[in-house]
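Asker: 0 is the number of the first residue of the sequence shown in numbering that gives the first Met the number 0; add one for each residue after it.
By construction, these hints were calculated from the structure, which means they are not laboratory data.
Note that CB positions come from ideal geometry on N, CA and C, so glycine has one too.
Warning: the hint list may mix true and false statements.
[Unchecked claim] With beta-carbon atoms standing in for the labels, derived distance ranges: (1) H191 with L63: 18 to 26 Å; (2) E45 with E145: 31 to 39 Å; (3) H11 with D128: 27 to 35 Å; (4) E131 with K2: 16 to 24 Å; (5) E99 with E193: 27 to 35 Å; (6) N82 with H191: 27 to 35 Å; (7) T43 with E145: 43 to 51 Å; (8) T34 with G96: 17 to 25 Å.
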Amino acid sequence: MKKLIFASNNQHKLAEVRRIFDKYQVLSLREIGFTEEIEEDGYTFEENALIKARAVMKYVKERLKFTYAVISDDSGLCVKAINYEPGIYSSRYSGGGDAENRRLLLDKLTTISDRTAYFICFSALILPDGQEIVEEGKTYGLISKEEIGDKSFGYDCIFWSDELRKTFGQATPAEKDRVSHRSKALEKIKAHLEEINYFEIEEDEEE
């Protein structure tokens with residue numbers, strides 16, 4: 000099974016990535032011994048995705064001497080009525096954890112009727128030869144007035160999906176994979192790997 004490195008230790012994201020890249024062995028940062036703090040100081044999702052992928056690829060090439068591709072993502076929730084907040088600050092919106100982030104967002108929308116929103120993801124791929132590819136995925140919906148479903152991951156339990164007609168917190172992994180912003184971006188990344196025959200490239204380099 001061919002290897003990819005995903006620039007994260009987030010178990011929810013890893014599970015989603017591993018389902019999508021089911022023909023690959025997807026390694027987390029912990030599994031390759033990467034412990035450095037990556038400062039995500041970009042002004043866009045795309046910039047932050049590339050910052051993470053480049054930092055990990057540098058480590059992979061210089062420290063591990065591996066010739067594996069690196070993928071990363073930066074994603075967030077954008078709510079139209081509040082100037083598309085929380086945006087790139089989605090994971091640190093309140094300064095607390097997921098529950099605090101959701102509560103702050105719901106509080107800001109208490110008197111607002113327009114609750115339209117979208118999740119967006121930019122996924123970056125860096126190949127062993129240094130080629131960089133970035134793809135975008137979006138999924139649209141509304142912010143619910145209360146938490147519905149599984150509350151363990153981000154804003155899922157308050158994002159009511161237009162496509163699923165339920166919150167992401169109520170969706171099965173298979174349902175979410177079918178429509179999520181991350182899966183849409185990563186499916187495009189997977190298509191690039193298949194187009195360049197990444198399997199064959201890695202096999203040649205390992206011989």
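Asker: All the hints need checking, so say for each whether the structure fits it.
Answerer: Evaluation of the provided hints:
no. : hint                      : in the structure
1   : H191 with L63: 18 to 26 Å : holds, 23 Å
2   : E45 with E145: 31 to 39 Å : holds, 33 Å
3   : H11 with D128: 27 to 35 Å : holds, 31 Å
4   : E131 with K2: 16 to 24 Å  : holds, 19 Å
5   : E99 with E193: 27 to 35 Å : violated, 40 Å
6   : N82 with H191: 27 to 35 Å : holds, 33 Å
7   : T43 with E145: 43 to 51 Å : violated, 31 Å
8   : T34 with G96: 17 to 25 Å  : holds, 22 Å
When each numbered hint is compared with the structure, violations occur for hints 5, 7.
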